[in-house]
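A.B. asks: Residues per chain, in single letters:
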Amino acid sequence: MNLAKVLGTVVSTQKEESLKGLKFLLLGQVDTNGALTGGIVVAADAVGAGVGEMVMYATGSSARQTRFTDKRPCDAVVMGIVDSWEIEGEELYKKGERE
Amino acid sequence: MNLAKVLGTVVSTQKEESLKGLKFLLLGQVDTNGALTGGIVVAADAVGAGVGEMVMYATGSSARQTRFTDKRPCDAVVMGIVDSWEIEGEELYKKGERE
Amino acid sequence: MNLAKVLGTVVSTQKEESLKGLKFLLLGQVDTNGALTGGIVVAADAVGAGVGEMVMYATGSSARQTRFTDKRPCDAVVMGIVDSWEIEGEELYKKGERE
Amino acid sequence: MNLAKVLGTVVSTQKEESLKGLKFLLLGQVDTNGALTGGIVVAADAVGAGVGEMVMYATGSSARQTRFTDKRPCDAVVMGIVDSWEIEGEELYKKGERE
Amino acid sequence: MNLAKVLGTVVSTQKEESLKGLKFLLLGQVDTNGALTGGIVVAADAVGAGVGEMVMYATGSSARQTRFTDKRPCDAVVMGIVDSWEIEGEELYKKGERE
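Residue numbers (our numbering), protein chains in the order written: chain S, 1 to 99; chain Z, 100 to 198; chain B, 199 to 297; chain G, 298 to 396; chain W, 397 to 495.
One thing to keep in mind: the hints can contain errors.
Said to hold, decoys possible - Chain Z is faced by these chain S residues, among others (derived, beta-carbon under 10 Å):
no., residue
1, Q14
2, A44
3, K71
As the list claims (entries may be wrong) - In silico lysine-lysine, DSS-like type, Cα no more than 27 Å apart, as pairs:
no., chain 1, residue 1, chain 2, residue 2
4, Z, K119, B, K221
5, B, K203, W, K419
6, B, K203, W, K491
7, Z, K170, B, K218
8, W, K467, W, K416
9, B, K203, W, K490
10, S, K5, G, K302
11, Z, K122, Z, K193
12, G, K368, W, K416
13, S, K5, S, K95
14, Z, K170, Z, K122
15, G, K392, G, K320
16, W, K491, B, K221
17, B, K218, W, K419
18, S, K71, B, K269
19, B, K292, B, K203
20, Z, K119, B, K293
21, G, K302, G, K317
22, W, K467, B, K218
23, G, K368, G, K302
24, S, K95, G, K317
25, G, K302, W, K419
26, W, K401, W, K490
27, B, K292, B, K221
28, Z, K119, S, K23
29, S, K23, S, K94
In case anyone wonders, no lab produced these hints; they're calculated from the structure. Since this is a predicted model, take the numbers as computed values, not measurements. C-beta: ideal position from N, C-alpha, C; glycine also.
Model the full structure from these sequences, guided by the hints.
C.D. replies: Next comes the structure, spelled out in structure tokens:
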């Protein structure tokens with residue numbers, strides 16, 4: 001999975017039938033400090049993530065295997081809202097402090 | 100999925116049997132402002148997207164699971180025409196205004 | 199899929215049993231003008247493409263689903279010989295004119 | 298697979314149901330000298346790797362096929378703790394000496 | 397598939413059960429001249445490749461479909477030892493001459 005920040009939402013009315021009902025989030029990939037690296041991805045939301053939150057998302061066939069995306073042709077899904085991460089014992093990100 | 104702009108079309112007469120009948124679009128990847136980043140991809144069209152429209156496309160095995168591409172050896176498919184996207188409440192792209 | 203130019207061929211005598219009989223082409227990825235970008239890939243040939251031709255190739259599990267590669271452990275296959283592509287109505291590549 | 302160093306851990310309470318119970322490690326990709334290249338990935342741990350250890354991790358559908366991740370929607374898993382690697386007979390990394 | 401040079405070997409004692417018995421090679425990706433590009437990958441060996449040889453390797457789900465890796469969670473496998481490759485009729489690599 002990759003770390004990303006939820007930047008916002010993408011609206012698409014005319015879309016593949018089987019994707020209807022899913023919410024699509026615009027994610028910005030981040031580095032270990034939580035800074036945006038420039039890479040973006042559009043991911044379905046499996047956990048109710050909000051704008052500004054740090055998340056981890058999966059790509060590829062795993063993206064079709066959550067409760068929300070089961071058998072739907074998704075290739076990227078937000079799998080979890082990140083509370084914190086630490087590197088060698090130092091907490092580099094903690095939700096609520098660095099968003 | 101990724102965001103892209105439909106740049107044009109690709110014509111291929113001599114192709115794998117199972118791809119016949121599909122329309123292939125030439126897509127240019129875009130950043131959050133809708134500006135082209137230089138990356139391109141050839142994707143089958145599952146939604147009737149037109150040149151100049153912003154779309155979201157999926158890659159990998161999900162690309163074989165739309166109505167149009169079911170079980171065909173596609174690895175990239177346009178899944179939706181994008182109406183708009185917003186970042187932290189600001190609309191950065193809206194169809195008809197920034198194409 | 200991606201656009202590429204057929205640069206040449208790769209010969210491998212000692213190879214995985216199930217790949218025997220396939221022809222392997224060395225492809226160079228191209229940009230929208232048909233210029234090489236530096237990226238290369240070795241792909242099985244499903245359409246009889248020749249050196250110098252522009253092609254589109256697929257990667258991943260779709261590469262195992264053509265007549266020639268069915269169930270063989272391929273991860274890249276030339277799916278079609280490209281006749282032409284156009285961007286916003288302008289033909290940027292036409293076979294026989296820009297090779 | 299890729300070589301990486303275990304940088305730390307990622308905590309996510311609100312996550313896809315089927316991922317519960319897995320430990321997520323923050324990995325930093327390394328070059329042949331074991332130096333960090335800047336790329337990061339969040340991987341489930343199938344082998345009990347600790348912070349500072351060099352590991353090899355797999356991505357894609359293989360990540361759902363270990364004892365710990367069987368059928369769970371993972372796209373990256375630590376598959377082994379690396380003891381050493383050598384290039385043309387020279388040992389460039391040995392566990393315990395270069396961490 | 398991609399072209400790479402076998403740089404050396406990776407030793408991992410503590411690893412996912414189902415990977416035991418496989419030999420892991422450290423590969424360096426090469427360009428059309430056979431020069432290293434800096435990219436590396438750890439691949440299982442399906443053909444008995446030796447250090448210094450040029451090989452082609454596959455990634456993704458195809459990597460689980462050779463005699464040696466059948467159903468094992470591999471994501472990269474050396475599929476063939478390369479004898480030679482040529483570009484537009486010129487032989488840019490021939491085994492035994494440029495290693």
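A.B. asks: Which hint numbers does the structure go against, in order from smallest to largest?
C.D. replies: The structure breaks hints 5 and 28; every other hint is satisfied.
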